[in-house]
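Colleague: So the protein sequences, as listed, match chains U and C.
Residues in the first sequence are numbered consecutively from 0, following numbering that gives the first Met the number 0.
Residues in the second sequence are numbered consecutively from 0, following numbering that gives the first Met the number 0.
Bear in mind the hints are in silico, worked out from the structure with no lab data behind them.
Check each hint, because a few of them may be wrong.
[Unchecked claim] Some but not every residue of chain C turned toward chain U, in silico, with C-beta under 7 Å: (1) Gly45; (2) Glu47; (3) Glu56; (4) Arg57; (5) Glu62; (6) Ser63; (7) Arg68; (8) Pro203; (9) Pro207.
[To be verified] Label-pair restraints from in silico Cβ distances: (10) Leu82(C) / Pro422(U): 56 to 64 Å; (11) Arg163(C) / Gly354(U): 58 to 66 Å; (12) Ala338(U) / Glu56(C): 51 to 59 Å; (13) Phe266(C) / His34(U): 20 to 28 Å; (14) Gly167(U) / Arg223(C): 37 to 45 Å.
Yeah, the Cβ is synthetic: ideal placement off N, Cα and C, and Gly gets one too.
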Amino acid sequence: MSSQSAASLQRKPAPALRTGRYLSWGRYPKAEHSHVYKPAWDDQIPAILKSAPDGSVLPYGLGRSYGDSCLNAGRALVDCRRLNRILAFDESTGVLRCESGVSFADIIDVFLPQGWFLPVTPGTQFVTVGGAIANDVHGKNHHRAGTFGAHVRQLGLHRSNDGLVVCGPEENPQMFRATIGGLGLTGVIAWAEVQLRRVAGPWMNAELVPFQSLSTFLDVSRESDGRFEYTVAWLDCFAGKNPRGIFFRGNHSAETGKKLRPNHGKTGPKLPFALPSWLLNRYTVKAFNAAYYRAHAARKGPSLVSYDSFFYPLDSVRQWNLLYGKRGFLQYQCVIPEANVAAIEELLDRIARSGMGSFLGVLKQFGSAPSAGMLSFPRPGLTLALDFAVRGERTLQLLRSLDQVVQESGGALYPAKDARMSPALFEASFPRWRSFVPYIDPKISSSFWRRVTWANQNEAQSQ
Amino acid sequence: MTMTLNTRPATLYSSASRVSPMRKIVVLGATSGIAVEVQRQLAQRGCELLLVARSPERLAALESDLLARGAKQVLTCAVDLALIQHHAKLFEYVCHSFPGFDTVLLAYGSMHDQKDSETSVDVLLDELHVNFVSASAILTLFAADLEQRRTGCLAAITSVAGDRGRRSNYVYGSAKGALSLFLQGVRSRLHPAGVKVITIKPGPVQTPMTDHLPNAARFADPERVARDIVRALERRAPDVLYTPKIWRYVMTAVEHIPEKIFKRLSF
C-alpha cells in the first residue's frame, strides 16, 4: 500500500530534521551539522566528550555569534541551552555561580530586581554566559570595565582528556586565559563564577549627542569617558568621510521609585520570516538612516530610560536578523589603533562609495585595560561594526578591500562576527594564536577555526 | 567560599500576579523536561516545592536554581519511583517533612523505541511499569491522603498518545492511556471530597525524552506547555488539559476516524 511505503520513508533516520537547523545570527554560512547533542544535565557532558571522535564537536549557546565561530559544518554541536541553572549567589558580594547555558536575560530577570546587574553586556541579552566567556564579549562600558572575562572569577571546564578542570586567575591560569575568548575550543564550560555589579534599579540616565564628523566623535568620546560609564555611537555609514551619527552615553540611575513592567522588552514583535532581499537597497537604507539621525538628533539631551531600551534596543524586535533576507548578512567589526584614525575614514569612504552599507553602524572607543583572554579581540583603539546583507561576490569583494585597510593600519577583526576573514588577516589580528593551540581540547573544533588556521594546519598540529 | 541562596522576592517590578491557591507542591519526576519548566514558573510565584527524582546531583542543581528564582522552600528526595517498594517510605517522608502540601504533580515517564518493545517483552513491561503501574501506585497513596484531608489537587502528565493506539507508538500510548483512565476514575472518586484531579495531555514536546524522534525540532516549546500546566493548577479549571490547546481538536478528529480507515494509517 502506498501509505505503507510513505511510512517506511518517514521512519528513515533524518539527522538534519531531528535537530532542527543550527545557524549563526548572520544566517551565513548555511552550515549543516551531522548531529546535535542536547544535554540537559551537567553529568552528561563527560560521556559526550568521551564518545566523540577527535575534532568533532563544538559547544553552542544561543547562536548569537554572527559568522561561523559557533558552527561546526559537517560535524557535531553540543547545544548547551538546557544547562541553565543558577548554582549559587552571594548576596553580600554579588558573586553568581551558574551553569554555562544561563542567558544574560535570565540573569537580569532574577537579579536586577535584587539590585544587581551584569558587569559587562553586549548589545543583546540573548547570549549565554558560556558564549560571553568564549567570545570575551565587550559592551558600552569597555573603557571602564574591560571585557566580560575580567569579571569571571573562576570557571569549571569539562575537558575530554582530563575531566572537570577548575581554572581562574590563580588556579590553572593559562587554561583560564585560553578559555576566555577561546571560542569554545578549550572545552565545554560547566559553570562560571561571575562578579555582578550593584545598581539602584532598572533605570538609566541617558544622553544623546549628535555629531557630524569623526573628530567631533573623538572629542565627545574623550570628554564622555570620565563622566559616563557607558558610551557608544551610531553611525550613518552613507555619509562617507565625515560621518554623522548619534553619540549615546549614560550611567545607571539612582531612581528607584518608578516601576518597570515585568517582562519588559521580552515579548516584542517578531519578524516571522526572511524579508525579500530587494527591500533593503541603498535608497531605503539611506532614507532610514537619515530619518533615524533626525529623529534622534531632535531628542538630544538627557533623559531617563529603562535598561532594556538603553542596552538592548534591537532585542525589541525578535529575529531582526531575518531583515536581511534569506541569504543572511555579514557583520564586519574591526578595531583600528587610535593613531590611525585616518583608516576609519578610509573604511567609511569605501563603504559609502560601494553603496552597500546598512543601518547598523556602530562606533566605540575601547579602553586601555588589557583583555583577559589569549584570543580576546578588544584592544586600545576605535572599534567599528557594520552590517552587510549577503549579495554574493560583490559583498565579499568590498569586505576584502576593507580587510586591506584594517591590516595596513595594524588593526584586527572580531572572530565572533566573522565568516570570511583570510588566515593571513587572522594571523595579523592575533599574532600569538599559536600559543593558544596547546589548550584546544582534542575533541573540539569549529568551522571558524578550521578556516582561519587552514593555511597553518600542519604547523598547528605539530605543536 | 561559602555561598548563600537568596530568596528575597522581586520588589522593583510592579507585578500583576495573583496570590495562587497552590503554595506547596510535590513534584514526582522533578528532573523530567516538562517538570523542570513547571518548577521554574512555580518558583517565580514563590511556591514551596518538594522534588522527587532519581539523581541527587540533578536534584541539588534544581534546588539551588529554584531557590535563586524565588521558591520559598525546596526539599528534595532522591528515589527511583519505578521501585514501588520505596513508595511507602517516600510518602511517609513527604507527609512528615512537607505537611499540608496542596498539590501533587506526577511528571515522569519513559519512552523507549517502539520497535524495541515490539521485539522485547522486557522493554514492553518496563514501559508499562514505569508509565502506568508505578505511576498509579504512587498516585493511590497521595489520592487517599488528599481525600482524607478533603483538599488539594492531584495532577499527572499523560499524553495525547494515550487517546488512540497508533502503529508507531502504541506501547507508550497504551501505558499513558491506562493512566488517563485511572485518573478519570480517581477524579470521580475524589470529587465528593472536593479534590481536583487534572489529566494533563501534552502533544509532542521538545524534551530530552523526545529528542531522538523525527521532527523533534517542530515539537512544542516546554516553556509554553509548562505555562498551560501552571495556569491549570492555579485556576483548577479543566479536568483534562490538552497542551498546546490545538491537540484537543486534533485528538477529537483522530478519535472519530473509523477503525476501518485508522488501521491503515501509518502515523
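Colleague: Looking back at the numbered hints, which does the structure fail to meet, lowest number first?
Modeller: 1, 2, 5 and 8
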